[in-house]
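Please construct the entire structure, taking both the sequences and the accompanying hints into account.
Quick note: the sequence shown, position 154, residue 154 per our numbering, numbers continuous.
Source of the hints: derived by calculation from the structure; they are not laboratory data.
Idealized CB from N, CA, C, for every residue including glycine.
Mixed in with the good hints, there may be bad ones.
Now the in silico label distances, taken between C-beta atoms and shown as ranges [unchecked claim]:
1) R123 <-> E255: 29 to 39 Å
2) Q200 <-> D234: 25 to 35 Å
3) D114 <-> T149: 17 to 27 Å
4) K76 <-> D114: 36 to 46 Å
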Amino acid sequence: MRLKFSQFLVLLLMIGGLMLTGCSADPVASSTSPNSTATSKATETSAKSTEEAKISSNKNNQSVPGINNLPRLEGKATVVMTVKGSPITIEVDGDNAPITAGNFVDLVEKGVYDGLVFHRVVREPQPFVVQGGDPQSKDSNTSPQLWGTGGYIDPKLKTERRIPLEIKPEGAEQPVYGQTITQKPVLIHKLGAVAMARSQMPDSASSQFYFALADLGFLDGNYAVFGYVTDGFDVVNKIQEGDKIDSAKVVKGAENLKVPQ
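Structure representation (structure tokens):
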């Protein structure tokens, strides 16, 4: 469907907000352009997608700097996040996003999300996202203007842990790392998706995440989805800017988390 110019501008503004504050416009916004010619070439795209997925996956999974030092989730896990006394159940998918899912579950296990603020909620002019996860928002002495600019600081290394952009295309055996893709991902931005926010650089996600408040297919292939809300989406729909995460706990699948020593 061809987008009107005003709709296109709205999409650009909304996508820009997924990036960590202070970064310039992300090149991935181009994927939302009204490229209806892609529809007329659906057969050609479909024929190429499987082979492209295999090539990209093989090329990018061979050597990702530092990937062996990151937590990995081998299988599924269930996280219950409590906001204003009400639970949100998230199924975290380590089968299709092992590094992204492992990073999230590890931060939950460390208690990083407890007490953090949802600093960005966009429901107008159309439902978009609820975003949080900046550790700076836990400190009352930190200006709210800085919320959305920070990530998890590894206490041992004294540096911010960053994870590579990780997206598994349909038909691929392994995820693609460090780049956006044009193929349809296994994990898509449907209503209730949970994904990582990042800056302009693909490999810059750390701890900030967002809930998709609608089907957001124009983000597919550009941001890493790692799970879905399976219960409590009504709670997500009530979150307002400034609301805090009371707690986040792994209630199932914690044994699937593998953390390098």
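Going down the list of hints, with the structure as the test:
1. Checked against the hint of 29 to 39 Å, the C-beta distance between R123 and E255 comes to roughly 37 Å, which is consistent with it.
2. Between Q200 and D234 the beta carbons are some 34 Å apart, a value that agrees with the proposed interval 25 to 35 Å.
3. For D114 paired with T149, a C-beta distance near 20 Å keeps the hint of 17 to 27 Å intact.
4. For K76 and D114, the Cβ-Cβ distance of about 22 Å falls outside the hinted range of 36 to 46 Å, so the restraint is violated.
In terms of the numbered hints stated before, the structure departs from hint 4 and from no other.
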